[in-house]
Amino acid sequence: MAVKSFRGGAHPPERKDRTSGLPIEYLRGAKSVVIPVNQHFGAPLQPLVKVGDQVKRGQKIADADGRMTVPVHASVAGVVKKIEPRTQSNNVDGPCIVVEADGSDGVDFLAPLDGFACTKDEALARIREAGIVGMGGAGFPAHVKLAPSKPIALVIANGAECEPYLTIDERVMIERPGDLVEGVALTMKIVGAPKGVIAVEENKAHAVAGLEKAVAEKGRGFDIEVQLLKTKYPQGGEKMLISAVTGKEVPSGGLPMDVGCVVQNIGTLVAMVEAFREGKPLIERGLTISGAACASPKNVVVPIGTLVSDLVAEGKVEVTEAELGRVIFGGPMMGTAVPHYAIPVQKNTSGVLLVSKKEAEHYVEHSCIRCGRCMRACSCRLSPALLNQALVAGDWEDAEKIGLLDCVECGTCSYVCPARIQLVQRFRVGKQLLRAKKQKEAQNACK
Amino acid sequence: MMKDIVKLGLILAAFAAAACVGLAFVNQATEGQIAINQEKQLNESLKGLFPEAEKFNDITKELTLADPAVKLEAAYLVERGGAPLGIAAKASGNSYGGVTTVLVGLGLDRRIAGVRVLDTKDTPGLGANAAVPTYFVDKTSKTTFPGQFTGKALSDPFVVKEDIAAITASTITSKAITKIIKASADAAGARLEAIAMAPPAPADAAGGK
Amino acid sequence: MPANNLLLSSSPHAFAPATTRKIMLAVIIALLPATGYGIYLYGLPALILVIATVAASVASELLFRAAIKAPRSVGDLSAIVTGLLLALILPPSTPIWMAVLGAVFSIVVAKEFFGGLGANPFNPALIGRAFLLMSFPAAITTWHKPLQGIVDAATTATPLNLVKQGASLADVAAQVGAGDVGGLYWQLFLGNRSGSIGESSILLVSIGGLFLLGLGVIQWIVPVAVLGTTALFSWALGMDPLFSLLSGGVVFGAFFMATDYSTSPLTPLGKAIYGAGIGLLIALIRKLGGFPEGVTYAILVMNMLSPFLDKLRVKKYGYVAPKKPAKTAAPAKEAAK
Amino acid sequence: MMTILITLGFSALLAFVLGALLGFFREKFKVERDPLVDAVRGALPGANCGGCGYPGCDGYAEAVAARRAGPNLCSAGGSKTAEAVAALVGVAANAEDLVSVLLCSGTKEKALDKGAYVGIPTCRGAKLSTGSTKACAWGCQGFGDCVAVCKFDALAMGDDGLPKVDYAKCTGCGMCAEECPQKLFAIVPKSRKGSVVLCSNRNVVKANVMKACKAGCIKCEACVKICPEACIAMVNGIPVTDYAKCTSCGKCVEKCPTKCYALLETDVMGKKKVAVNA
Amino acid sequence: MKRLWNIFKAGIIYENPLLMLMIGLCSALAVTTNVQNGVGMGLAMTFVMLFSEVIISIFRKVIPNSARMPIFIIVIAAFTTIIDLVMKAYFPELSKSMGVFIPLIVVNCIIMGRVEAFASKEKVLDCVADSLGMGLGYTWVLVGIAAFRELLGNGTVAGLQVMPAGFEPILFFILPPGGFLVFALFISLNIWLKGRMQKAAAKSAAKAEEVAA
Amino acid sequence: MTKIFIIALLINNVVLMRFLALCSYVGMTSDVGQSVGMGFAVTFVTVLATAVTWPLQTFVLAPLGLGFLQILVFILVIASLVQLVEFYLKKNVPGLYAAMGIYLPLITTNCAILAVTFENISNGYNFIESIVYSVGVSLGYLLAMVLLAGVRDRIKNSPIPAFLKGTPILFAATSLIAIAFMGFSGLVK
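Those sequence lines, one after another, are chains A, B, C, D, E and F. Residue 507 is where the first sequence ends in my numbering, and the numbering goes up by one at each step. Residue 190 is where the second sequence ends in my numbering, and the numbering goes up by one at each step. Residue 335 is where the third sequence ends in my numbering, and the numbering goes up by one at each step. Residue 266 is where the fourth sequence ends in my numbering, and the numbering goes up by one at each step. Residue 771 is where the fifth sequence ends in my numbering, and the numbering goes up by one at each step. Residue 191 is where the sixth sequence ends in my numbering, and the numbering goes up by one at each step.
Derived by calculation from the structure, the hints in this document are not laboratory data. Incorrect hints may have been included.
[Said to hold, decoys possible] Beta-carbon label-pair distances, calculated as ranges:
| hint | chain 1 | residue 1 | chain 2 | residue 2 | range |
| --- | --- | --- | --- | --- | --- |
| 1 | F | Met3 | C | Leu267 | 32 to 40 Å |
| 2 | A | Pro254 | C | Leu208 | 45 to 53 Å |
| 3 | C | Ser166 | B | Glu43 | 41 to 49 Å |
| 4 | E | Lys560 | B | Lys123 | 30 to 38 Å |
| 5 | E | Lys765 | D | Glu166 | 54 to 62 Å |
| 6 | E | Lys619 | D | Phe4 | 18 to 26 Å |
| 7 | C | Ser166 | B | Ala171 | 31 to 39 Å |
Quick caveat, the model's predicted, so the values are computed rather than measured. Idealized CB from N, CA, C, for every residue including glycine.
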């Protein structure tokens, strides 16, 4: 099998060995959960319950109209205690529904549905009703992604898991290859793609045999292939993955469907299968809890809304408090550093890293020495050093020309920078401002 | 409209005429002095080469230089009491930093009576030392770079770093100036030949020294 | 339970091990063999010169930054690199005070005036050498025979000087006592010849350069382009290409000067053109120019062009050629309606 | 004498040609343009030296008239020209002078930090990657984006971590209000009198506010209750004064338990010097 | 009288054409390899400026606005020619060493600027003060730069050996790059001084305000 | 001919080695495009001015003994020429005017142009040589402008010490550019 990859990138230390051999633990007995109302990329939702209401597990508790919305479901059965702003994993205070488990075992799942037999609209409606979003990062509504306006030739299951520390996708591939393959097949069916690829980085090559076996057994005759990729960050970025697997590049400002691809996260695929087979909405997810300040690193599946602090209090996760230097929701390259760990696990939380003070070492920003490492590492082949210069100077025209809006914020440039320049952060701010600026200009033009 | 233009034109004309006429007067007042200056300057440098000279006849048109890279600026037949003493030639050529102008005197004995570097655009402190009277290529005898040519015969080789001492770290300048000197001296020699002036008795030859 | 001592940073939360300081340290290590050999060739005076130049560089950076109340930066070791580079491209007989003056000029005028490390548009060490060459042309063009001490009797011309004065390679070989031309090549490669302190041993300079290439501190494009085009254009202008590479400071310049981060272009195409330009200028200056050696000025001239060469960027991921205005104008009109 | 005669003839010819050309140009050059450009152009020296960075005096005059350039760029003309140009383009005085008021009292001591922020030292960058570096999500980040954007040198970071407005210099242009990622600046008429709450925290949970900031509005509504004119109402979790009714009696200021209430005319605009040094 | 003095003073320091206004730079750098040239150039400039300003000021009421530029040029060119001829006649050496820069006074922005901004509006006496101030302001900077460059680049000032015999001249300073650098340093010194003066002024103003408060 | 050109362009560069045209050099290099426009405008006018002034001197002023009117006549001719060109471009070639015409007013006082016309005469160049020389000088000006614009672009965000910000650093940069240009000396003999 030819090992493929993309241009650029870097090799941060993997640190996956701490959890890669540990089977997934199912920790479903949360005493209370804090469920953020808005967990997807799109318009905000309205709570459907009020304080004091009794809710069942799987009951829809928030929803809204509109294409870019995905409902939220109660992940435990119990009583709604509060609806108030709480800090979410993106560091923003947002409305959360606090549900306290009351020991009742009420379940309110959807009716099972055969995804291979129903119509496309039915399938998409099911995916939306089950509250499924992209579980890798941004939380993009899955039903929108699976209804592309262009023909799709290829479905890629994103098994790259290029972020250091994280191993949950690897565990899913090893422990549930059948569900994963079924998910790929289901996606192919929905988007009408003739081919599917499960892309796996070389450091997870031991999962390949199982996957290939599952393809033969559970593939339902769909053309699904397992593809090995070189271990390199940010292979799991949608654009990089597409160019690694197909050699095609998503055009600037375009979407994967522009090159006939749909990329799905491993967790999302499995959740989709459950939503059809069991009618189970997205109320729990797998994630890796690791980091040097975590004495008991593990791969777990927990109800959405579980506070990490509760896991610690219950002794399911051990934290060396004296060592703790930084808490990261997500991976170390693209995750968010949060001020404490009393923060709920969300639909898009792929890991929680309790990083030690030593690992959390940070550096003062020095001046750029123009070594060009960032340019060689940039997965989008931009010129981060020049882009940074343009942004510092406020030269928006130049910044746009260099490709500010093409930046995928993978963080590789900041990672390799010997002067420790906060390139990505500046690009993020820049993108925000540039978009605002362009919007304003467009408005003025209309006037 | 037309009237406006005429008025403008008249005012302008008045200013221009006044200015130009004023200038004409200043020019008349200074013209003589400038000419004297130029002549004095030339005389001084020529006299430096031929101290006993009395009269300089412009023979620029009668000299031809063999080397196309060297340009003859002027040439004079130097006389005393009607008898010629030699030829002085002012020539220029490219050197390190641009055009360098040199004045060369050739005595009737076909030996160089003297050399003056009149103008050089070479690097100060290096090539430009050719024109500095306190820069010596030979510190013991206090010989300047142009000074070392005095007394050299036309038949000498004129090769830098052999019979010609170079200015430190300025071989190019040294070579360029030597080339100009050699070319103009050769032309002057040929002219002396042409007007059939035999070299006088060797006893007088030291006059240039 | 807010614990407000945790670090809140923007992603990524991890960094590669390379730092500015480590990179500079690698350059210093790469320069050590050539430095050591230079000291072996010219003895104590060369050692003193190296120490004085490095000390002057560090001191002037410290003092200047203190004077303008800028944060101290000698910790990045770049001043040491500049000082060392400057010492290695000076003749061993350079008076100490001149070398110190050159170092101060390098650091203060060429580097700190423009904002310090990474901001200087010209290579500081080369500016320092050009400054000295311009100011004290005689002293900076006086060369000594190796292994004979810095004494008047040992002054000589470099092989390039000899060639500039019209000597043939066989003459040069005889002059340096190498026998035939083949022996001359070998002697030049090993470095037993007159010249600047650090440039003479092609072998040791190359080892240093390959060390940097191996560590990924420098990229291969610039050295290869410089060396290749120098040989090519030397040959085209009727000079011996191998001699052109082995004599003077071409190899030293190609590995240590032309690759200077701050003053060379960032993009691969820019780097290639930059290197080729240096090679062309070296050959032109050596053949036609006023100096026997042209590496310093060739690199400085190309330094000026690197802001422009930086514009030759690689096509970004998913690059789409800008649409023709007619196409974009139509939907805009529709939107306006 | 001959020379002088020739000179006379020549100069007459020259002047005639010039005069004709000039008239010709004047006629042909009648291009409609902003009279202000001509006025400014008239005030400039006409040296066309390019020192201003614009192509010639005409270019600069156009830039000034279009308000793209300041009046003080002409170095050849010096200060006199600058004054003249400034007088010509003088921006029409606003009907009402506006000033900018910072609606946050979360000084370093009073407002808790959420964590140890590391990253680019701008408010926008900090907000983007941490939500807010302060435990209060609405509070001033304190990196001075507003100071950097102020064109009138009217803002400065105080030692307490909050920007201070110099009301003598502030023109109420609103740049700071636009730049502040927390939207903490209110642009108010300089003549306005009355009370204002110097807090923007809209967290409805009183305990959370108290935990985050000692100077935050804790939604006790004491101000609403005490106001004799009934001019204060809670809007979106923050008390808002109706200035049509407010008599600036100061009772709410006295009553406020966290001292985040202030009177605009005295407490805010009146103590600029003290505030900067505090 | 005080007014005239102030006008005069402005040109020397506060509105110094070279340091503050940064115009008329070409000649300032080209001729400053030694002090004699600096003095010569400065005086030539002052001469042209003085007479041009005076003449323009005298005729300022009869010069039609639309013809002012050609007239200014004519006047300035006339005086430039005069100084050029006079120098050729009486200071041939100086004239030679300054070469084309004497005729180029005609396009010096300082003169054009002052004539337009000042002389075409002000009285004759004011113009005398202004032109002398500007001229001297120009001259002293020229001489300052020239002295610095000559001292370091040649070891002499105004042709007199100043540095000890063992001093090795730093040729850089009399070469073009040195001219640019020395000028850069002069301007920066001036900017620095200006900053300090402003700071001091602001401080005293603040103090006064405090006292008043 | 090549010699005249190379010397004017590189070795005796009008800005870097001869300090001419510094006002516009500093003023018009904040942007590369601007400096190119200015450079070409200067080239155009210099050649035009040479083409007019050289015959004027050779066939009118010199024979009439009016050499002393050189300064006055040349500056007036150049000034009028610039006006004429500006007018012509504005009316007939608006595209070129937009690209170049806006720089024309600056050119009147560009001392490089006047210097070239004087030097054509004092160096004794014939007509063709004069044209070549004027092209060389003005392209040298363009080159210097573009190079400084490049350096300016490069250093615009650098933490330059406060006392050097603005004009001083431009001259310091020019100094270093001039140092690099010293490398061209002697390239043509």
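Hints versus structure:
1. Separation of F:Met3 from C:Leu267 is about 35 Å and conforms to the stated range, judged on CB atoms against 32 to 40 Å.
2. Here the CB-CB span from A:Pro254 to C:Leu208 is close to 50 Å, well matched to the stated 45 to 53 Å.
3. Checked against the given bound of 41 to 49 Å, the beta carbons of C:Ser166 and B:Glu43, roughly 43 Å apart, stay inside it.
4. About 60 Å separates the C-beta atoms of E:Lys560 and B:Lys123, a value inconsistent with the hinted range of 30 to 38 Å.
5. A C-beta distance of roughly 35 Å is found between E:Lys765 and D:Glu166, which places it outside the suggested range of 54 to 62 Å.
6. Between E:Lys619 and D:Phe4 the CB atoms are about 24 Å apart, so this pair conforms to the stated range of 18 to 26 Å.
7. Between C:Ser166 and B:Ala171, the C-beta spacing of about 34 Å keeps the proposed range 31 to 39 Å intact.
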